[in-house]
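Visitor: Chains as they are written, first to last, in full-length UniProt numbering: chain A, 1 to 98; chain B, 1 to 464.
Treat each hint with caution, since some may be false.
[What the hints assert, rightly or not] Covered by chain B, according to a simulated footprint, are these stretches of chain A (three or more residues, beta-carbon under 8 Å):
no.: 1; stretch: 5-14
no.: 2; stretch: 24-34
no.: 3; stretch: 46-60
no.: 4; stretch: 63-71
no.: 5; stretch: 78-89
Since the hints were made in silico from the structure, they are not lab data. Idealized CB from N, CA, C, for every residue including glycine.
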Amino acid sequence: MAYLTTFYWGWLLGSVLLGFAMGWISVVQHGDGIPRKWRWWVAALVAALVAAAVARVVPGRFGYWLDLGLIMFGLYLCGCTIGSWLRDWVVSRTAPPA
Amino acid sequence: MRGLFKWSSKWWPGVIPLVIFWAIAAWTSTEPLEADLAQRSAAALKDTVLNKTRISVAGRDVTLGADAFSEDGRQGAVASVETVPGVRLVNDETRLVPEAKPFVWSAERDVVRVTLSGSSPLPASKSRLMEAARANLGGVEVVDRMDLSRGAPPRFDNAALLLLDQIGKLKEGKITVSDTQVSLSGMARELGGREAIAAALKNLPEGFSVAANEVKAPPYVFQAYKDPVAVTLTLTGNVPDNNVHAALVAAAGRKFFSEKVVDSLKPSIGAPSGFASAVVPALGALSRLSTGTLVVSDREVKLSGDALYEAAASQIRAGLGKDFPQGWQFKPEISVKPPAAPVDATVCQQLFTDLLGKARIRFEPGKADIVADSAGLLDRLIETALRCPTANIEIAGHTDSDGDEAANQTLSEKRAQAVADHLVRAGLPANRFSAVGYGSTQPIAGNDTDQGKAQNRRIDFVVK
Numbered sequence: 001m002a003y004l005t006t007f008y009w010g011w012l013l014g015s016v017l018l019g020f021a022m023g024w025i026s027v028v029q030h031g032d033g034i035p036r037k038w039r040w041w042v043a044a045l046v047a048a049l050v051a052a053a054v055a056r057v058v059p060g061r062f063g064y065w066l067d068l069g070l071i072m073f074g075l076y077l078c079g080c081t082i083g084s085w086l087r088d089w090v091v092s093r094t095a096p097p098a
Numbered sequence: 001m002r003g004l005f006k007w008s009s010k011w012w013p014g015v016i017p018l019v020i021f022w023a024i025a026a027w028t029s030t031e032p033l034e035a036d037l038a039q040r041s042a043a044a045l046k047d048t049v050l051n052k053t054r055i056s057v058a059g060r061d062v063t064l065g066a067d068a069f070s071e072d073g074r075q076g077a078v079a080s081v082e083t084v085p086g087v088r089l090v091n092d093e094t095r096l097v098p099e100a101k102p103f104v105w106s107a108e109r110d111v112v113r114v115t116l117s118g119s120s121p122l123p124a125s126k127s128r129l130m131e132a133a134r135a136n137l138g139g140v141e142v143v144d145r146m147d148l149s150r151g152a153p154p155r156f157d158n159a160a161l162l163l164l165d166q167i168g169k170l171k172e173g174k175i176t177v178s179d180t181q182v183s184l185s186g187m188a189r190e191l192g193g194r195e196a197i198a199a200a201l202k203n204l205p206e207g208f209s210v211a212a213n214e215v216k217a218p219p220y221v222f223q224a225y226k227d228p229v230a231v232t233l234t235l236t237g238n239v240p241d242n243n244v245h246a247a248l249v250a251a252a253g254r255k256f257f258s259e260k261v262v263d264s265l266k267p268s269i270g271a272p273s274g275f276a277s278a279v280v281p282a283l284g285a286l287s288r289l290s291t292g293t294l295v296v297s298d299r300e301v302k303l304s305g306d307a308l309y310e311a312a313a314s315q316i317r318a319g320l321g322k323d324f325p326q327g328w329q330f331k332p333e334i335s336v337k338p339p340a341a342p343v344d345a346t347v348c349q350q351l352f353t354d355l356l357g358k359a360r361i362r363f364e365p366g367k368a369d370i371v372a373d374s375a376g377l378l379d380r381l382i383e384t385a386l387r388c389p390t391a392n393i394e395i396a397g398h399t400d401s402d403g404d405e406a407a408n409q410t411l412s413e414k415r416a417q418a419v420a421d422h423l424v425r426a427g428l429p430a431n432r433f434s435a436v437g438y439g440s441t442q443p444i445a446g447n448d449t450d451q452g453k454a455q456n457r458r459i460d461f462v463v464k
């Protein structure tokens, strides 16, 4: 993991920034998110992929691409989380008292 | 936390560019990553002794194929690659080098090259043996047909290096090590080489032994060439020691009265027994030829050339082998020189005088027995007599003045008769010759010195 981080930090940083931007936007975005039922399916899919990566069952280049995708996805989620929290903090500070 | 859960439902649009990022990253990074891991894996194996190492990388998975020389080495190689940062999995396709039983290594020398074959324990040993072979054999092509195998006996390298030293002493042959048993065959390059190899084999490392040493010595060769144009006798090849050397050169000087002896002999060990006893009479036979070559190879004597007349050829063919020690073989290839043109009596006398001026017919002291050294001279006298078939010849015997006059007279008559008999045995008609003894009555030099006496003891041919 450390090797991959040093090897491709640019792509990983891009994933974080992308997530940060998405998280920033998502706080004030109107409209519906993905349905709750879907979320469980997505979570289950991601969990299955993580399990496959940890168990190293996907061989060769596909295994590498899976690892790379999961790392980028994980960093994207981190970026989203930070972005959303920060945006929420900024919004709550500047909003007039109810 | 609840907010986070709510917001997260709106994060999905970013996944679309993320997937594009991922695709680009995967597209651009896979091959550089694989190349980097392959290079790091190879570097990790740098200090591990392996053969036929193959590294292929797919993604972060390394497939390692190699022949290892021990189980520890094999496991160590796999572990080394596993610890390379970034490697996810190692597909172990390593195996142990096959074990050779028995462990056989050989070095074979032929006319143009040395071939190393069989098993070698490690790549380093293999290259060391090749280097040693090239260094020892300067210039000779060295061919590597060695495989790598486990199961070499301890100290194999030392034994093989010592044996490679010996292959340089062979003209052709093979040295084989089978486990700890060493076998040698072939022919030594030089006389004494076989003995040098046998001595070196005593230094084989502990545990090794010589199962068979069938290295043969090269033939022990002595050659003599009588050149009638240059009027030389050239002696080449080997003699056992300085005493035999001196004896042969002295014998050649006595037998070849008109030729200059060119001595290129060198003392070498390994002469067959009875060498001098065979070579001296063979030189005597060569002295009877007008031109000829004597080749003594081990116990085989080959004499080729032209005899001066038919009877001489027959005598040499039939007689020489009888003079040899037991076990010696004689292969005569004697032809007869075409007869020289007839001459008149005056020229004949001149030819006799010339011949007897160069050398004298020798007898045993106080006896009428012609010594063998005079055979060449007698043949030339006979050849001359054949050129003047109508001339009658007086064979005149003379002595010095030592001793009783009556005895000298008798001795001179007997010696003259012995020479006449010899000529008759050669096929000349007896009625052409008259043997006359003059005792000491016709000296040609003073009898007061040994030199003068020696000149007076003589046989003269007088054409009547």
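Visitor: Does each hint fit the structure? Answer for all of them.
Guide: Here is what the structure says about each hint:
Check on the stretch 5-14 of chain A: 4 of its residues sit with their Cβ under 8 Å from a Cβ of chain B, so the three-residue criterion for coverage holds. With 8 residues having a beta carbon nearer than 8 Å to a beta carbon of chain B, the stretch 24-34 of chain A meets the requirement of three or more and the stated coverage holds. Taking a C-beta to C-beta cut-off of 8 Å, the stretch 46-60 of chain A contributes 3 residues in contact with chain B, enough for the three needed, and the coverage statement holds. Closer than 8 Å: that is the beta-carbon criterion, and the stretch 63-71 of chain A has 6 residues meeting it against chain B, so the requirement of 3 holds.
Only residues whose beta carbon comes within less than 8 Å of a beta carbon in chain B count, and the stretch 78-89 of chain A has 5; three or more means the coverage holds.
The earlier numbered hints are all upheld by this structure, with none contradicted.
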